Amino acid sequence: MTDMPLPRSQGSLLGRRLLRWGLYAMLCVFALYYLLPLFVMLTTSLKSLEEIRTGSLVALPREITFDAWSKAWSGACTGIQCEGLKPFFWNSILISVPGVLISTIIGAMNGYVFAQWRFRGANLFFAFLLFGCFIPFQVVLLPMARMLGIFGMAGTIPGLIFVHTIYGLGFTTLFFRNYYVTIPHELVRAAKIDGAGFFRIFWSIFLPLSLPICVVTIIWQFTQIWNDFLFGVSFSSAGSQPITVALNNIVNSTTGVKEYNVDMAAAIIAGLPTLLVYIVAGKYFIRGLTAGSVKG
Numbered sequence: 001m002t003d004m005p006l007p008r009s010q011g012s013l014l015g016r017r018l019l020r021w022g023l024y025a026m027l028c029v030f031a032l033y034y035l036l037p038l039f040v041m042l043t044t045s046l047k048s049l050e051e052i053r054t055g056s057l058v059a060l061p062r063e064i065t066f067d068a069w070s071k072a073w074s075g076a077c078t079g080i081q082c083e084g085l086k087p088f089f090w091n092s093i094l095i096s097v098p099g100v101l102i103s104t105i106i107g108a109m110n111g112y113v114f115a116q117w118r119f120r121g122a123n124l125f126f127a128f129l130l131f132g133c134f135i136p137f138q139v140v141l142l143p144m145a146r147m148l149g150i151f152g153m154a155g156t157i158p159g160l161i162f163v164h165t166i167y168g169l170g171f172t173t174l175f176f177r178n179y180y181v182t183i184p185h186e187l188v189r190a191a192k193i194d195g196a197g198f199f200r201i202f203w204s205i206f207l208p209l210s211l212p213i214c215v216v217t218i219i220w221q222f223t224q225i226w227n228d229f230l231f232g233v234s235f236s237s238a239g240s241q242p243i244t245v246a247l248n249n250i251v252n253s254t255t256g257v258k259e260y261n262v263d264m265a266a267a268i269i270a271g272l273p274t275l276l277v278y279i280v281a282g283k284y285f286i287r288g289l290t291a292g293s294v295k296g
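In this text, residue positions in the sequence shown follow the UniProt record's numbering: the first is 1, and each later residue adds one.
The set of hints was computed from the structure by calculation and includes no laboratory data.
Just so it is clear, the structure is predicted and the values come from calculations on it, not from any experiment.
Ideal Cβ positions, reconstructed from N, Cα and C, are used throughout, including at glycine.
The hints are all genuine.
The calculated label-pair distances, taken between Cβ atoms and stated as ranges, are:
1) TYR284 with LEU94: 21 to 29 Å
2) GLU50 with LEU130: 52 to 60 Å
3) GLY22 with GLY149: 53 to 61 Å
4) ILE64 with LEU35: 14 to 22 Å
5) PHE119 with PHE229: 34 to 42 Å
6) ARG16 with GLU50: 50 to 58 Å
7) TRP21 with THR65: 35 to 43 Å
8) PHE229 with TYR24: 34 to 42 Å
9) PHE199 with GLY79: 47 to 55 Å
10) LEU101 with LEU27: 34 to 42 Å
11) ILE105 with PRO143: 20 to 28 Å
No more than 27 Å apart at the CA atoms, straight line, and that leaves these computed lysine-lysine pairs for BS3-like:
12) LYS258 with LYS71
13) LYS86 with LYS258
14) LYS86 with LYS71
Could you build the full structure based on these sequences and the hints that come with them?
Structure (structure tokens):
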């Protein structure tokens, strides 16, 4: 007695299921591959130095201890001072929050002008602004240092806010411009007929519709500013250094026994704010990007 072949519909259904499970398995492998460094960092930060020396790199801690986290936050040495990441964490907050807000507001107004208020040479101005997005950080170090010196903001937190605001305007303008071109121009024409001016149209019509792209811009700018190292190490002084510079100093200024658990805890603390931002608002980031991709 021979086996009966499966009907064509059942065979295709089985093939789709196998393909789907194969895709899931491949995604799980990639996820484990990318999450393994984070797992090693987290488990190492929860181990004692003795367990790190005698145990396996990927093994779970036999006894969980948060001493490394406490030292990374308030006791690790960043040079001659042993204050941990705490003061530098607040420096990064003072730099990131104003830098994000200022660049987002100015970028929104620039995008509004380029999208809805056409003027002679608008495309040329926009092209120059986009060109600024692709200029490497290293190219602007010397002229930016000269400008900060002229303005009297060298080595200060306001100087770093100024640097990040200027460098981020190209991206924020691009985001808002591409989003605003999807808003019907008839709304602007009707508002003009009703007597609304430039700023009234912007505040009453465009800003209330800008929540998705505002989320995109805020996440983008916060990530760029918080994770920046080059501008922070180039334009800051001892009292205004961001957390990325402090993290580099902790890792490279250790004397005696290398405290890998403290280094790992400090790295996680430095990256935790951006990680939380993406976990909380990641889906809104994707929605905002696709919302302005229809035309423009």
